[in-house]
Structure formats: structure tokens, C-alpha cells
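Student: Sequence:
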Amino acid sequence: MIALDNWRKSSYSSAGDGSSCVEIAHSPTHIAIRDSKTPASATLTFPAPAFTPFLAALRAHSTVTDFARFRG
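Residues 6 to 77 in the numbering used here are what the sequence shown spells out, letter by letter.
These aren't lab readings, by the way, just hints derived from the structure by calculation. No experiment lies behind these values; they were computed from the predicted model shown. Just so you know, not all the hints are guaranteed correct.
Taking lysine to aspartate or glutamate and the EDC-like style, the derived pairs with C-alpha atoms no more than 20 Å apart in a straight line are [said to hold, decoys possible]:
id, residue 1, residue 2
1, Lys-42, Asp-10
2, Lys-14, Asp-40
3, Lys-42, Glu-28
4, Lys-14, Glu-28
Just need the whole structure built from these sequences, with the hints factored in.
Tutor: Shown next, in the form of C-alpha cells:
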């Protein structure tokens, strides 16, 4: 398991919905995302090079835009 303790919220999150968004954490080799409402639940963890293709596939097949703010 990869220890990630640098979680940050999506920049789309505002004061009114701050507990209802996605969070991201990263290490030099991996990127993880989770639901901020249930941070102790499962996370999606990707090898760093796989995260950009994941975002591209998500954008192509979904209306979800939060993940796009986490790039870079």
C-alpha cells in the first residue's frame, strides 16, 4: 500500500459543497482519488503515467469535470 497523506480538494469545490467533492493525493509514482464524503472508503490509485489517460477517457464518456482540475 502507498502512504498518501497530502490530500487536497477539487478546485471546483466551494464553501457550500466543500464536503461533497473529490480529493486527490500524489506521490512521485502514484496518484489517488477519493470521495471527500467518505475518506475512509476505497480510493482509486493509479501509477502516475496512467492518470492522464484515465482523465481523457473520463472526459470522453462522462459529464464529470472535477478530475480535470487535478491535472498538473
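Student: Indicate, hint by hint, whether the structure satisfies it.
Tutor: Status of each hint after checking the structure:
no. : hint            : result
1   : Lys-42 - Asp-10 : holds (17 Å)
2   : Lys-14 - Asp-40 : holds (9 Å)
3   : Lys-42 - Glu-28 : holds (10 Å)
4   : Lys-14 - Glu-28 : holds (4 Å)
Going through the hint list in order, the structure satisfies each hint without exception.
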